[in-house]
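Peer 1: Each chain is listed here by its residues.
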Amino acid sequence: MTWDYFISILIPMLEGSKMTILLFLIAIVLSIPLGFLLTLAVKSSFKTLSWLAQIYIYVMRGTPLLLQLLIICFGLPMIPGIGQYLVLDRFVAACLGFVLNYAAYFAEIFRGGLLAIDKGQYEAAKVLGLNKWQTMTRIVVPQMFRIALPSLANESVTLVKDTALLYAVAVPELLHFAQTAVNRDFTIMPFFVAGAIYLVMTLLLTLFFKWIERRYTFE
Amino acid sequence: MAIIEISKLKKSFGSLDVLKQITFDVNKNDVVAVIGPSGSGKSTMLRSLVHLETIEGGSISVDGDYLVKDGVYPKQQDIKQITSKMGMVFQHFNLFPHLTVKENLEVAPRLLKRESLAVISKRSDELLEKIGLANFSNTHPAKLSGGQKQRVAIARALMLNPEILLFDEPTSALDPELTGEVLQVMKDLAEEHMTMIVVTHEMGFAKEVANRVVFMDNGEIVESGSPTEFFENPQFDRTKAFLRRNLK
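Protein chains in written order, with UniProt numbering: chain P, 1 to 219; chain F, 1 to 248.
Please keep in mind that the hints were generated in silico from the structure rather than gathered at the bench.
For clarity, every value in this text was computed on a predicted model and none was experimentally measured.
Where is the CB? At the ideal position from N, CA and C, for every residue including glycine.
Some clues are possibly wrong.
Unchecked claim - No farther apart than 25 Å at their CA atoms in a straight line, the calculated lysine-lysine pairs in the BS3-like style are these:
hint, chain 1, residue 1, chain 2, residue 2
1, F, K143, P, K119
2, F, K75, P, K119
3, P, K43, P, K132
4, P, K126, F, K122
5, P, K132, F, K75
6, P, K126, F, K113
7, F, K10, F, K69
8, F, K130, F, K143
9, P, K132, F, K85
10, P, K126, F, K80
11, F, K113, P, K132
12, P, K126, F, K10
13, F, K8, F, K85
14, F, K69, P, K126
15, F, K75, P, K126
16, F, K122, F, K187
What the hints assert, rightly or not - Far from chain P by the CB rule (all over 10 Å, computed), these chain F residues:
hint, residue
17, S15
18, D63
19, K143
20, E192
21, R244
Stated by the list, open to error - Label-pair ranges, simulated between beta-carbon atoms:
hint, chain 1, residue 1, chain 2, residue 2, range
22, F, D125, P, W211, 31 to 41 Å
23, P, L37, F, N29, 43 to 53 Å
24, F, D175, P, I117, 20 to 30 Å
25, P, K119, F, E115, 28 to 38 Å
26, P, W211, F, F231, 54 to 64 Å
27, P, V59, F, S38, 38 to 48 Å
28, F, E56, P, L70, 52 to 62 Å
Could you build all of it, start to finish, from the sequences and the hints given here?
Peer 2: Here it is, written out as structure tokens:
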């Protein structure tokens, strides 16, 4: 394998990585806040809302992400009557699928974080005269985030790898270009290059989370 | 002059009556030690004063205002107004682990916005000086010993200038060699005439610092009096038995 060949497959794959990274960023930026709102909905004293949120989380975690993506991309347009208005751009549809799915996972992570906070924290805040909003924003959420960080990091690494599912809904991303090169040139080298690019991405992400964890260690 | 009046306080958890018609007054500048076996309802009584427990019957008045009257609470805003006159120190400190010592002291006054930041910062420095932890203002609670944590918790409660300070077993979670430093801070407060109600197992503190001892057992007040009367001449068998077990 020549250097020129290596560069010739690397460039489209890096081009495809842009899509991978873009999807990752959109998914993480939107699903974390949405996940937190879901957690609040689950904890809500308004029972109907709590039940709806729990059912949502159950469905999203209980079915394959690939199936959800296929339904959003190909299933929605087939709904009689309204289907014609539900034809989304493939990438937009994929983003939607990832956000909806990952929000459910993040919701469970945050719920775990909330459960780990001692009730004495709420009592101290109450006795000190903090209202519910202040208690939540100043006392509970910062601690919840710190507790949730390792799990958030873990889930984010999974998200990087899950972006490969774009392949199934024919959005050209990293894996798509690797597969194209493999088919065209009859060599498995592009797969290893793709693997290396994923490893670089997950390494950077892991280092980033380690840095945040260190920064928010309260000792 | 009574600053807290408690009358016929009643509460139950399911079929268990934890408070049965508790009645007693606390005068301004009193240091009241509440003692008794575990499960006697003393913590529940204390927590009901700052509305961490809701009671089912009876009345509590603070400074002449009813926190609850015949089992009926006023509106949220009034409850907050009345409980704000009291500070509370917990058995397990309940410091905020993500905030530094100084931030722990300042978080509530800053959010309540009654005073300028400069005034708040000056007071937190003074209080840290007073409890001997001035060098720890930027430390997180995880780095402190139990005794240091509890001293910080006391300073945090004092930041809001409470008229009354409540202590819920403040030394029970500490190693024996660390209780002294906390009791010393409490003793200093007593000498400054802070009104205090202290639920405690420290008989020494009850004897030396308190001017009144209340003995609770099984959801009722069995006996109360000055430390001398109480320890030297207990009137009731239950008190005598408790003291025999705990004064060795």
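Peer 1: State for each hint whether it applies.
Peer 2: Taking the hints in turn, this is what the structure says about them:
1. A hinted pair counts as satisfied when its Cα atoms are at most 25 Å apart, and K143 of chain F with K119 of chain P qualifies at roughly 21 Å.
2. As the CA atoms of K75 of chain F and K119 of chain P are separated by approximately 24 Å, the hinted pair is consistent with the 25 Å bound.
3. Pair hint K43 of chain P plus K132 of chain P holds up; C-alpha atoms about 14 Å apart against a cutoff of 25 Å.
4. Restraint check for K126 of chain P and K122 of chain F: satisfied, since their Cα atoms lie roughly 24 Å apart, inside the 25 Å limit.
5. Under the criterion of a C-alpha separation no larger than 25 Å, the hint pairing K132 of chain P with K75 of chain F is consistent with the structure, at around 16 Å.
6. A C-alpha spacing of about 16 Å is found between K126 of chain P and K113 of chain F, which places the hinted pair at or below 25 Å, so the restraint holds.
7. For a cut-off of 25 Å, the pair hint linking K10 of chain F to K69 of chain F stands: about 12 Å separates their Cα positions.
8. A threshold of 25 Å between alpha carbons decides the hint, and for K130 of chain F with K143 of chain F the separation of about 20 Å falls inside it, so the pair holds.
9. A distance of roughly 19 Å separates the Cα atoms of K132 of chain P and K85 of chain F; the hinted pair therefore holds under the 25 Å criterion.
10. Straight-line distance between C-alpha atoms of K126 of chain P and K80 of chain F comes to about 9 Å, which keeps the hinted pair within the 25 Å bound.
11. Distance check on the hinted pair: K113 of chain F and K132 of chain P sit about 16 Å apart at the alpha-carbon level, within 25 Å; holds.
12. Simply put, K126 of chain P and K10 of chain F have alpha-carbon atoms about 23 Å apart, close enough for the 25 Å limit, and the pair holds.
13. Pair hint K8 of chain F plus K85 of chain F holds up; C-alpha atoms about 22 Å apart against a cutoff of 25 Å.
14. Annotation: proposed proximity of K69 of chain F to K126 of chain P holds, straight-line Cα distance about 21 Å (limit 25 Å).
15. A threshold of 25 Å between alpha carbons decides the hint, and for K75 of chain F with K126 of chain P the separation of about 16 Å falls inside it, so the pair holds.
16. For the suggested pair K122 of chain F and K187 of chain F, the alpha carbons sit about 23 Å apart, so the restraint of at most 25 Å is met.
17. No beta-carbon of chain P comes within 10 Å of the beta-carbon of S15 of chain F; the shortest separation is about 24 Å.
18. With 10 Å as the threshold on Cβ separation, the claim that D63 of chain F sits away from chain P holds: the shortest Cβ distance comes to roughly 16 Å.
19. Distance check for K143 of chain F against chain P: the nearest CB is about 6 Å away, which does not clear 10 Å, and the non-interface claim fails.
20. With a cut of 10 Å on Cβ distances, E192 of chain F stays outside the contact zone with chain P, its closest approach being about 21 Å.
21. The claim that R244 of chain F lies off the interface holds: its Cβ sits roughly 33 Å from the closest Cβ of chain P, which is beyond the 10 Å cut-off.
22. A hinted range of 31 to 41 Å holds for the C-beta pair D125 of chain F and W211 of chain P, which are about 33 Å apart.
23. Here the CB-CB span from L37 of chain P to N29 of chain F is close to 50 Å, well matched to the stated 43 to 53 Å.
24. Between D175 of chain F and I117 of chain P the beta carbons are some 25 Å apart, a value that agrees with the proposed interval 20 to 30 Å.
25. For K119 of chain P and E115 of chain F, the hinted distance range of 28 to 38 Å is satisfied, since their beta carbons lie about 29 Å from each other.
26. At about 59 Å, the CB distance of W211 of chain P to F231 of chain F agrees with the hint of 54 to 64 Å.
27. The hinted window of 38 to 48 Å between V59 of chain P and S38 of chain F holds, with their beta carbons roughly 47 Å apart.
28. At roughly 57 Å, the beta carbons of E56 of chain F and L70 of chain P sit within the given window of 52 to 62 Å.
Of the numbered hints stated above, the single one contradicted by the structure is hint 19.
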